[in-house]
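As you go down the protein sequences, you meet chains A and B in turn.
Just so you know, our numbering puts 161 at position 161 of the first sequence, and the rest follows in order with no gaps.
Just so you know, our numbering puts 135 at position 135 of the second sequence, and the rest follows in order with no gaps.
Check before you lean on any hint, since a few could be wrong.
[As the list claims (entries may be wrong)] Pulled a few chain A residues facing chain B out of the computed Cβ check, cut under 10 Å:
| id | residue |
| --- | --- |
| 1 | Asp6 |
| 2 | Ala10 |
| 3 | Thr16 |
| 4 | Asp39 |
| 5 | Trp58 |
| 6 | Arg76 |
| 7 | Thr80 |
| 8 | Pro81 |
| 9 | Gly210 |
| 10 | Leu214 |
Since the hints were derived computationally from the structure, they do not count as laboratory data.
None of the values given here were measured: they were computed from a predicted structure.
Where a beta carbon is used, it is the ideal one built from N, C-alpha and C, also for glycine.
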Amino acid sequence: VSDCEDLRAALKRSATTELEPHLMVHAEHCPSCTGLFEDPGLELRQSVPVSVDARALWLNMPEALGREARGFARLRNLSTPWRRFGALVGLVALGVLVWVWVGRIDRTVLPWGAFFVRWLPEAGLTVACAALVLRPPYRRALPGRVAVALLVLAVMAGAAPALLPELHRSHSVSLFGVESDLAPRAAACFGVGLLLGGACLAWVALFLQGSRRLGELPLVAWALFVAGQSSLLSLHCPLTAPLHLAWGHASVGIVVAAAVGAWRAAVR
Amino acid sequence: VPDSAPEEATDEELFAAHVAGDPEAFERLFVRHAARMYGVMRQRGLEHSDSQDLVQQTFLLAHQARRDFRAGSPLRPWLWTIAFNLMRKAYKRRGRGARHGERSNPAESSRPHAADESQLGVRQAIAQLPEPQQEVILLHWYEGLSFSEIGLVLRASEGAVKVRAHRAYEKLRDILAEIGGR
């Protein structure tokens, strides 16, 4: 009787959001308390509108399912560990391609320790965002606050090198990207950054289960765009002037984040 | 050959058959669940076409994620988690204002299908519940999931789900009494 009273008292308390273990056990087994969690004879089952012909609804499905077995669509039908692995391999390959094909020309004078301290957070964030973008659909969606935090973090990681001391001043490229040279080189890096971010996103989207429409991509996909472009651009661009890094590199993340934020605000 | 034996296959067996390549298993699974899923989506305030679309998307995503499904675990909570995630996204897309506006009069959207006034009353009452309670009620009573399965769908403990269920049923009684007394 005491447990019955305790259970009822706990349920009445507005602060109660959980039942204590002993009350759970009691609720499970006490015949007079099990009714506390049951339908009070409302006949709800009959009350929910069921007015769809399931067989008619099925008619579009075979075609949609058939599409999943063709071409690149097969990639998103892999298991989640394989999807994540495939995305990671592609991102690494993209990084290697950028480094080998159009990599930094100041490698000989690059202070590697300082470079990695700046680059690893961007690269790590890119990989983390890719893993989160590929979160399976049967997991609860990433909380909005976390996604916003990741986007802000990606923007900040891209902006940090512009605020830190220059990597070096001993290579001739350290003289580029300033004064009258600032605008053209910053614009070029801005464009390359957009392309590289787009490439990261496009590759990972091949493994994405769910909508791939631009407007319906999760926020964390844009964090991936920002972190991805930032880390790849760092592998390509040898210019170290803070002004260039601010206007040509960090600006990509700021513009993308602002555009996504404005678009989301507008559709609400 | 009578069709009764395969008709009795469990959801999990049908899904396993689908993963193994049986072309009919998924259709049977779809037909078994689509109407109820549609009904819950309508009750949650979604339009007819949105509900149809989301039911199809739910099953398409279940198909895409089929290789992740762990044998031995129940299928319905898995399927409903996908459906609820899609519903939440749909609400976000439409904006909360539009959703609340529509939910304030859910009976109107389902009037053509209403059997009688009491059913309309129940639908109105459910729509007045807070979202977390509404989710529990629909999954518990209408879909028949156990509290532990609902916990899997909503990522909540069984105790928390029971608390919500109790409060939701209490509130429903009050709302219905109020509607009946008018």
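For each hint, the structure was consulted:
Interface hint status for aspartate 6 of chain A: violated, as the beta-carbon distance to the closest one in chain B is roughly 13 Å, over 10 Å. A least Cβ separation of about 8 Å between alanine 10 of chain A and chain B falls short of the 10 Å threshold, and the interface hint therefore holds. Among the interface hints, the one on threonine 16 of chain A holds; its C-beta lies about 6 Å from the nearest C-beta in chain B, closer than the 10 Å criterion. A distance limit of 10 Å between C-beta atoms decides the matter here; for aspartate 39 of chain A the minimum to chain B is near 5 Å, and the interface restraint holds.
The closest approach between the C-beta of tryptophan 58 of chain A and any C-beta of chain B is roughly 5 Å, which is under the 10 Å cut-off, so the hint is satisfied. At about 6 Å, the closest approach between the beta carbon of arginine 76 of chain A and any beta carbon in chain B falls short of 10 Å, and the interface hint on this residue holds. Proximity of threonine 80 of chain A to chain B holds as hinted, the smallest CB-CB distance being about 5 Å (cut-off 10 Å). Hint on proline 81 of chain A holds. Least Cβ distance to chain B is approximately 9 Å, under the 10 Å limit.
Below 10 Å, beta-carbon pairs count as interface contacts, and glycine 210 of chain A has one with chain B at about 6 Å; its hint therefore holds. The interface hint given for leucine 214 of chain A is violated, since its Cβ lies 13 Å from the closest Cβ of chain B, which is over the 10 Å cut-off.
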